[in-house]
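S.K.: Given the sequences, and given the hints that come with them, work out the whole structure.
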Amino acid sequence: MQIDKKNMIESQLKPEGISCQNTIDCISKVNREDFVPEEFKNLSYAEYDIPLRNEYSMLKPLMTAKILQLLNIDKDDEILEIGTGSGYLTCCLSIMGKSVDTLDIDANMLESAKKSHNHYNIFNVNYLSGDVFSNWTPEKNYDVIVLTGSIESRVEKLEVALKDSGRMFAVIGKQPVMYANIIERVSGTKLLCNQSFETTLESLNNFNKKNYLNF
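As numbered in this note's numbering, residues 54 to 268 make up the sequence shown, in order.
No lab work stands behind these hints, which were simulated from the structure alone. All C-beta atoms, glycine included, are put in the ideal place defined by N, C-alpha and C. Don't take each hint at face value.
Label pairs and their calculated CB-CB ranges [said to hold, decoys possible]: (1) Asp184 with Pro104: 34 to 40 angstroms; (2) Ala160 with Val239: 23 to 29 angstroms; (3) Lys210 with Lys67: 23 to 29 angstroms; (4) Asn247 with Glu205: 36 to 42 angstroms; (5) Lys67 with Asp184: 36 to 42 angstroms; (6) Ser81 with Asp127: 16 to 22 angstroms.
Pairs of lysine-lysine residues, derived as BS3-like cross-links and limited to a Cα-Cα distance of at most 27 angstroms, are as follows [as the list claims (entries may be wrong)]: (7) Lys167 with Lys58; (8) Lys227 with Lys128; (9) Lys167 with Lys59; (10) Lys168 with Lys227; (11) Lys167 with Lys227; (12) Lys193 with Lys243; (13) Lys216 with Lys94; (14) Lys128 with Lys243; (15) Lys167 with Lys113; (16) Lys210 with Lys243; (17) Lys128 with Lys94; (18) Lys167 with Lys243; (19) Lys151 with Lys128; (20) Lys113 with Lys82; (21) Lys59 with Lys94; (22) Lys227 with Lys113; (23) Lys216 with Lys151; (24) Lys128 with Lys168; (25) Lys67 with Lys128; (26) Lys167 with Lys151; (27) Lys82 with Lys58; (28) Lys128 with Lys82; (29) Lys193 with Lys94; (30) Lys59 with Lys128; (31) Lys227 with Lys243; (32) Lys151 with Lys227; (33) Lys58 with Lys113.
M.R.: Structure (structure tokens):
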């Protein structure tokens with residue numbers, strides 16, 4: 054499927070503004086079909102909602118590429134991913150950054166992702182089972198935080214876990230209007246939230262209003 058991957062990069066990603074060479078190199082290294090359920094492998098590189106073994110779907114290729122490009126990940130970045138899903142984005146993050154803590158409410162999805170990662174000799178991913186909207190709280194601060202599902206409003210306990218100059222990707226809003234945002238800790242307690250593009254994304258499981266921050 055290497056031809057399909059090349060066609061995806063040249064015909065789907067680059068025309069939509071994906072120009073960061075680090076992002077393109079990373080996507081070139083990872084075979085998306087390794088993370089796709091068997092019955093959908095022929096659609097691995099299509100802009101298609103590929104169902105996973107729970108109620109969620111994989112992030113589409115363009116969304117994945119936009120996330121990686123917007124976050125401008127450095128090789129020394131410590132990363133927190135909320136929502137492991139298939140593990141494809143996790144794999145990309147682990148290649149681009151120093152380490153990844155990936156959290157998912159579904160232990161079976163974590164185990165499936167871990168098995169897929171074994172093919173890539175990945176040793177810098179820490180797999181965490183828990184619910185970010187319940188009693189789970191980050192135990193350290195991160196350079197990068199990625200939410201792979203949408204939220205209706207900002208989440209304080211994740212924002213406080215950003216290091217200075219740390220960046221968080223989050224799709225915020227309700228259907229039919231949502232926006233992808235980069236939230237950056239400029240310094241100290243100062244945060245900037247910049248809207249990047251309009252989109253739609255499945256919500257993170259168990260998103261709870263008591264965790265909202267109103268701005």
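S.K.: Hints first: check each against the structure and report whether it holds.
M.R.: Cross-check of the supplied hints:
1. Asp184 with Pro104: 34 to 40 angstroms: violated, 22 angstroms
2. Ala160 with Val239: 23 to 29 angstroms: violated, 37 angstroms
3. Lys210 with Lys67: 23 to 29 angstroms: violated, 37 angstroms
4. Asn247 with Glu205: 36 to 42 angstroms: Cβ of asparagine 247 to Cβ of glutamate 205: about 19 angstroms, so the range 36 to 42 angstroms is violated.
5. Lys67 with Asp184: 36 to 42 angstroms: holds, 38 angstroms
6. Ser81 with Asp127: 16 to 22 angstroms: holds, 19 angstroms
7. Lys167 with Lys58: Given that 27 angstroms is the threshold and the Cα spacing comes to 23 angstroms, the pair holds.
8. Lys227 with Lys128: violated, 34 angstroms
9. Lys167 with Lys59: Roughly 26 angstroms separates the two Cα atoms, so the pair holds.
10. Lys168 with Lys227: Between lysine 168 and lysine 227 the Cα gap is close to 34 angstroms, so the pair fails against 27 angstroms, i.e. violated.
11. Lys167 with Lys227: Answer violated: lysine 167 to lysine 227 is near 31 angstroms, above 27 angstroms.
12. Lys193 with Lys243: holds, 19 angstroms
13. Lys216 with Lys94: The hint is violated at about 38 angstroms.
14. Lys128 with Lys243: holds, 25 angstroms
15. Lys167 with Lys113: holds, 20 angstroms
16. Lys210 with Lys243: holds, 15 angstroms
17. Lys128 with Lys94: violated, 30 angstroms
18. Lys167 with Lys243: Not OK: lysine 167 and lysine 243 at ~36 angstroms, beyond 27 angstroms, violated.
19. Lys151 with Lys128: holds, 5 angstroms
20. Lys113 with Lys82: holds, 17 angstroms
21. Lys59 with Lys94: holds, 16 angstroms
22. Lys227 with Lys113: OK: lysine 227 and lysine 113 at ~19 angstroms, within 27 angstroms.
23. Lys216 with Lys151: holds, 15 angstroms
24. Lys128 with Lys168: holds, 24 angstroms
25. Lys67 with Lys128: Holds. Lysine 67 to lysine 128 sits at ~23 angstroms (cutoff 27 angstroms).
26. Lys167 with Lys151: holds, 17 angstroms
27. Lys82 with Lys58: Given that 27 angstroms is the threshold and the Cα spacing comes to 10 angstroms, the pair holds.
28. Lys128 with Lys82: Within the cut-off at roughly 16 angstroms; holds.
29. Lys193 with Lys94: violated, 37 angstroms
30. Lys59 with Lys128: Holds, at roughly 24 angstroms.
31. Lys227 with Lys243: With a Cα-Cα distance of about 26 angstroms, the restraint between lysine 227 and lysine 243 holds, given a limit of 27 angstroms.
32. Lys151 with Lys227: This hinted pair is violated, its Cα atoms lying about 33 angstroms apart.
33. Lys58 with Lys113: holds, 13 angstroms
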